[in-house]
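Student: Chains as they are written, first to last, in this note's numbering: chain A, 1 to 169; chain B, 170 to 452.
These aren't lab readings, by the way, just hints derived from the structure by calculation. All C-beta atoms in this analysis are idealised placements derived from N, C-alpha and C, irrespective of residue type, glycine included. Incorrect hints may appear among the rest.
[Claimed, not checked] Covered stretches of chain A (chain B as the covering partner; in silico rule of three or more C-beta atoms under 8 Å from a C-beta of chain B):
1) 1-14
2) 20-28
3) 73-79
4) 154-161
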Amino acid sequence: MLDAARAGAPWAFERLYTDLAPVVTGYLRLQGATEPDDLTSEVFLGVFAGLSSFEGTESQFRSWVFTIAHRRLIDERRRATRRPAEPTDDPATLDGPGGDAEAEALDALGLRRVYELCATLSVEQREVLLLRIVGDLTVEQVARAVGRSVGAVKALQRRGLTALRRKIE
Amino acid sequence: MLPLHLLDEDAVEALLAGRPVTPGLAPLAGAVGQIRAAARQPVRPSAELAQRMASGDFSGIEPAPLIPTPAGRRLRSWLAGVSPRARVVTGAVVVFTGLSAATAAGALPGAAQARVESFIETVTPISFQRDAPDADHDDLRDTPPDRVRPTAEPDSGRPDDPGSPVTPPGKPETPPGKPETPGNPDRPETPPGKPETPPGKPETPPSKPETPPGKPETPGNPDQPEIPPPNRPETPPGHPESAPGRPEAPGQESGNGGGNSGNSGNSDNSNGNSGERPHGPDR
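My request is simple: use the sequences and hints to build the entire structure.
Tutor: Following this line, the structure appears as structure tokens:
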């Protein structure tokens, strides 16, 4: 699929986007991005434009996409220093999926719960846990994406899970 | 409440990967599952992205930077690709640079520090400053004559073997020099050498060749060479005044010249100074 995308096949771009865009948007949203959908589109524009110079497996491609998304998020935070980067737990401000109102309400409840959980984490714990849970990256890939050592990532994810556990109980 | 020690590395990995966990961790696994599920909502691409994906044309858009590989991995891959000779040279450069840095920082143990310093000084134009001579030199320059005195005394005292016999004859000489020293402050300041030149000039040309060796004078004047300044023993015969007068000039020269002659010159100065001060009040 990557080869096809490198060759410029539209179906390959569609497929890559369909596979990765939801999790990238979810990561950006849970990280408190103000416009996660737009930011996701920016990420994929850059990724597809640079695809010809990328070499690696699909797992490495996934890691690359999340690394770019993480950096774009940091850039956005720097630009918008006036606005808080903390994720909101107000369901009214969340982008809910369109369609069924009941499902929307359930999703909103689920999202509210998730935002509450994420709010208990520090910024570092949250970025590590979300890259591992949502991005499905390995410890090494997360370490490279956030610019930390593997040991630091392990410590952060352990502390983050401990904080979540305290919150649940 | 669940015991927190249950979160070992295996449990953490199982939780994050969505694998089955112990019943005690089920609530936490449920929370992790909620987070994962919350990030699965479909999202529509922006108009520009949709258009470009359809056309497959992403020209004019700044490509996302590739993830830089860690420096260690880059170095390893580079080393793997170069010839063995380049590896050896690289290793030698790294070791030499590290040694130079450690030496410059004075981080090596004493003997190794001295050896590596001398090696680096011979191999490269780098020269390491030794603290001791500079410190002495600075002390002598900066400190007032009162202070110079005590330092000069121990200097003259240190080389007791050769110096102790010298100092006794030197002391009697200093008195003759002192009466002239009061006059010297005027003379040497305006033209340090000129007053002495009439008698000294004929001597100075011959003395110049003597000064570099310095020692030839000592055989020439067995008494005077004992006087600390071996460079200008001629002055005592010609003008004993010049001995105290010149020390100022040679003092500067000796500072440039180095610590060896500087020590003797300084000791002379100190003698002269010490001679002036005590004698001044005496007068």
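Student: Hint by hint, say whether it matches the structure.
Tutor: Results of checking the hints against the structure:
Only when three residues or more bring their CB closer than 8 Å to a CB of chain B does the claim for the region 1-14 of chain A stand; here the count is 5, and the claim holds. Coverage of the region 20-28 of chain A by chain B holds. Counting CB-CB distances below 8 Å, 6 residues qualify, and the rule asks for three or more. Under the rule that three or more residues need a Cβ within less than 8 Å of chain B, the assignment of the region 73-79 of chain A is violated, with 0 such residues. Note: the region 154-161 of chain A has 4 residues with beta-carbon separation from chain B under 8 Å; the three-residue rule is met and the coverage holds.
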